[in-house]
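Quick mapping for you: the protein sequence lines, in order, are chains D and U.
Just so we're aligned, residue 2 is where the first sequence starts under my numbering, counting upward by one.
Just so we're aligned, residue 58 is where the second sequence starts under my numbering, counting upward by one.
No wet-lab data here; the hints were simulated from the structure.
These figures come from a predicted structure and were not determined experimentally.
One or more hints might be untrue.
Unchecked claim - Heads up, simulated DSSO-like pairs for lysine-lysine below, C-alpha to C-alpha not over 30 Å straight-line: (1) U:259 x D:68; (2) U:715 x D:30; (3) U:586 x U:484; (4) D:64 x U:263; (5) D:64 x U:715; (6) D:68 x U:667; (7) D:68 x U:360; (8) U:360 x D:64; (9) U:667 x U:395; (10) U:531 x U:484; (11) U:130 x U:484; (12) U:667 x U:387; (13) U:480 x U:387; (14) U:522 x D:68; (15) U:419 x U:263; (16) U:423 x U:395; (17) D:64 x U:639; (18) D:68 x U:503; (19) D:68 x U:715; (20) U:389 x U:422; (21) U:724 x D:30; (22) U:636 x U:175; (23) U:522 x U:172; (24) U:227 x U:263; (25) U:263 x U:228; (26) U:504 x D:64; (27) D:64 x U:636; (28) U:245 x U:302; (29) U:423 x U:387; (30) U:609 x D:64; (31) D:64 x U:561; (32) U:583 x U:503; (33) D:30 x U:723; (34) U:522 x U:504; (35) D:68 x U:569.
Claimed, not checked - Label pairs and their computed distance ranges (CB to CB): (36) D:64 x U:553: 24 to 30 Å; (37) D:64 x U:447: 47 to 53 Å; (38) D:66 x U:608: 19 to 25 Å; (39) D:66 x U:565: 24 to 30 Å; (40) D:57 x U:480: 30 to 36 Å.
The beta-carbon is built from N, C-alpha and C at its ideal position, and this holds for glycine as well.
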Amino acid sequence: MYQFIIKEDTVLNNKEKNEQNQSAYIDQKKVGANVGFARIRRITGYLVGTLDRFNNAKRAEEKDRVKHGCS
Amino acid sequence: MLTRYENVKMTAKPIRNTQKSNSVYVNETELMDIYKKLTFTAAQDEDIKRENANIDGDTAMGTMLKYGSEGSKFFIDHYVLPENIAQAHQNGDIHIHDKDFYMLTETCCQIDLIKLFKNGFSTGHGYLREPNSIESYSALACIAIQANQNEMHGGQSVPNFDYAMADGIKKTFRQEFWKFFRIYMQIKTYLEEIEIDAIQEKFEQKIVIIRLHLFQVYKEQFEEFLYLNVTQDILRDAFCFASQKAVKATERRTYQAMEAFVHNLNTMNSRAGAQVPFSSINYGTDTSEEGRMVIRNLLLATKAGLGNGETPIFPVQIFKVKEGINFNSKDKNYDLFKLAMETSASRFFPNFSFIDAPFNKKFYKKGDFQTEVAYMGCRTRVLENVYDPKRQTICGRGNLSFTTINLPRLALKAHGDIELFFKLLDKMIYLSFHQLLHRFHIQCRKKVRNYPFLMGQGIWIDSEKLAIDDEIAKILKHGTLTIGFIGLAETLKALIGVHHGESKAAQELGLKIISYMRQKTDEAAKRTKLNFSLIATPAEGLSGRFVLMDRKQYGVIAEVTDRDYYTNSFHIPVYYPIKAYKKIQLEAPYHSLTNGGHITYIELDGDVCKNMDAFETIIRYMKESGIGYGAINHPLDRDPVCGYVGVIDNECPRCGRKEGESVSIKKLNELREIYSNVPIYN
Ligand SMILES: [Zn+2]
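Construct all of the structure, not just a fragment, from the sequences and the given hints.
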């Protein structure tokens, strides 16, 4: 239901690549561009894997929620 | 009231003919406008495609479902509903839930897997024989939920999950026991296969439960086998070896089966592929070794999460709390109650239901799961039965349909006149009864044939007694016809200026309003011998619909129409600061009034939630206060890139990235030295 595609955004030019050995190259490779955080919330009893699918009213409600103190 | 709608006829022409002659044409253009929206805009821009958060409105099947749904609503409005009812829905006095399914089916059902599995069953796409191991019990449970979901418009529930799976564990244990017994005998003795067979045959049907000391139980019967020249010692050792190994193997296989169960329910498709089945399971009270093994491993698998540690969205899990079974430290399943709370603190589920709440306890008979209250998915409760008071049981029953009354609208109309408010409420309740019966009589005309699984395989109570072309009217009467409400807080604000979190007088008035509604549903139930009930509406799609219309009509009124949603049922508003114990105290009395379902939530911050003493204090307080069903919410975020789980505000506390930013593999490699759950990239 909530899968994330990990995109690589390697932006090293050829010259740089040539200067580096293979392991350093891998170290500097970056992952995670355009990957969002998963925010799981409960609405009306069911869980939802991401806020994107909330309708407008439910988004507003979620934003307003305050915590309940325990003491 | 009943006879008037005995025969619901559909006309070929629109029922509503009071409008101008071109009204149908105008309306059809409206429908086409909706179709255009569905076709040409993305879900993120179009609220109509996000009505239900668990359906992906951007997929082909999701859109196809919406075409069907919107077309069906149009048909129902114009050709089926009596005019006053169609108008009441359209103008937001009431909300007929799942109106698109008006002509088709019922909401939900509590499935008894024990009854279903006995002698096997057919899904309509093939026959499945009686399962013989915990793996097949788990797989068939998913299939049953999926098959039933495709025939109803609501969610599916298993009310006795621990009892049902326990049978599969017994069978698995037996397999494992004899496997290890044979291995031991083959290695340690010179017995022929055929002689071992004789021993197995003699005892096979007897080894039905998990016991570490089986030999003590069967000692005397072994004397028959003394002619085989095996000593008692060998037999005893074989039994010991086999039972110990079998217990371990069964435990391991149960864990894997429960893991698969949760995984399947989060990935399998239903309803033309647009959503996974809405499923819920209740458990916690089976104290047999097998039942305990189910509960323990299900909780452990839930706690571990899905493949990459994600939190499972389905099934909704409900742990049944009961004094003498699992509530106190001396109770047999107390360890599982503890584990349930730990799991809930990190995964939201399980929620907690309370059999000891007075309105639940009066049905309870020890050792009979049919009398243990179960809750479905979002909160639906079906237990009382006025149609057949001898069968106030859970299995095979469910909600037929429900309709919600817009309470704040009535308060706004009444302008602070409480007497007038009750008059308006009265009118609206009767309109809703009228509508529920109208729908019920349509449902009654359906035949077993229309529900090959639900009715054809005997899931619904007594459906096995009907022939395929029989009408289902009689057996549907075991289901509930339910009235719901939304926005009690806004209602009280509009009537007397304060809500029930703010003043004692408001709480008194709130209870008076909901008691009145309950009294009316009880009267209707008594009069019709149908199970009318009152629910604290879950209302996902509804929370914004009513308030938009009311704001248009009555303007922006502070804490009544100024937010984009009405507060859920009898809840204290989510924005109102209140202590947990106080919220529980104030909401508990509404649980006993809403016999069709209810839930109370407490919101905790992440740290309090990790404090298990605080967590347990809240759950115990719910039980002592007479809450029927409750859960604790807390922020649960996850960074899929570095694997962090917890609260994430703007940037991830572990890897430091903001949403959408990238992180170097080097950094992740460093993090992996500290944390075990950082994903590996190549
Ligand atoms: Zn991170």
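Hints versus structure:
1. U:259 x D:68: Cα-Cα ~62 Å, so violated.
2. U:715 x D:30: With a Cα-Cα distance of about 17 Å, the restraint between residue 715 of chain U and residue 30 of chain D holds, given a limit of 30 Å.
3. U:586 x U:484: holds (21 Å)
4. D:64 x U:263: violated (59 Å)
5. D:64 x U:715: Judged against 30 Å, a Cα distance of about 19 Å means the pair holds.
6. D:68 x U:667: holds (15 Å)
7. D:68 x U:360: Within the cut-off at roughly 24 Å; holds.
8. U:360 x D:64: Holds: residue 360 of chain U and residue 64 of chain D sit about 27 Å apart, inside 30 Å.
9. U:667 x U:395: Roughly 13 Å separates the two Cα atoms, so the pair holds.
10. U:531 x U:484: The given pair, whose Cα atoms are some 29 Å apart, holds under the 30 Å limit.
11. U:130 x U:484: holds (24 Å)
12. U:667 x U:387: Satisfied, since the Cα-Cα distance of roughly 24 Å is no more than 30 Å.
13. U:480 x U:387: Not satisfied, since the Cα-Cα distance of roughly 52 Å exceeds 30 Å.
14. U:522 x D:68: Status violated; Cα separation ~51 Å.
15. U:419 x U:263: Distance of about 37 Å is beyond 30 Å: violated.
16. U:423 x U:395: Holds, at roughly 22 Å.
17. D:64 x U:639: holds (22 Å)
18. D:68 x U:503: Not OK: residue 68 of chain D and residue 503 of chain U at ~47 Å, beyond 30 Å, violated.
19. D:68 x U:715: Holds: residue 68 of chain D and residue 715 of chain U sit about 24 Å apart, inside 30 Å.
20. U:389 x U:422: OK: residue 389 of chain U and residue 422 of chain U at ~18 Å, within 30 Å.
21. U:724 x D:30: Given pair residue 724 of chain U, residue 30 of chain D holds - Cα atoms ~10 Å apart, limit 30 Å.
22. U:636 x U:175: violated (49 Å)
23. U:522 x U:172: holds (14 Å)
24. U:227 x U:263: This hinted pair holds, its Cα atoms lying about 11 Å apart.
25. U:263 x U:228: holds (12 Å)
26. U:504 x D:64: violated (46 Å)
27. D:64 x U:636: It holds: about 19 Å lies between the C-alpha atoms, which stays within 30 Å.
28. U:245 x U:302: Measuring from Cα to Cα gives roughly 16 Å; hence the hint holds.
29. U:423 x U:387: holds (17 Å)
30. U:609 x D:64: Between residue 609 of chain U and residue 64 of chain D the Cα gap is close to 23 Å, so the pair holds against 30 Å.
31. D:64 x U:561: holds (28 Å)
32. U:583 x U:503: Measuring from Cα to Cα gives roughly 25 Å; hence the hint holds.
33. D:30 x U:723: holds (8 Å)
34. U:522 x U:504: holds (13 Å)
35. D:68 x U:569: It holds: about 28 Å lies between the C-alpha atoms, which stays within 30 Å.
36. D:64 x U:553: 24 to 30 Å: holds (27 Å)
37. D:64 x U:447: 47 to 53 Å: holds (49 Å)
38. D:66 x U:608: 19 to 25 Å: Since the Cβ atoms of residue 66 of chain D and residue 608 of chain U sit about 21 Å apart, the hinted range of 19 to 25 Å holds.
39. D:66 x U:565: 24 to 30 Å: holds (26 Å)
40. D:57 x U:480: 30 to 36 Å: holds (34 Å)
The structure is inconsistent with the numbered hints 1, 4, 13, 14, 15, 18, 22 and 26, although it conforms to all the rest.
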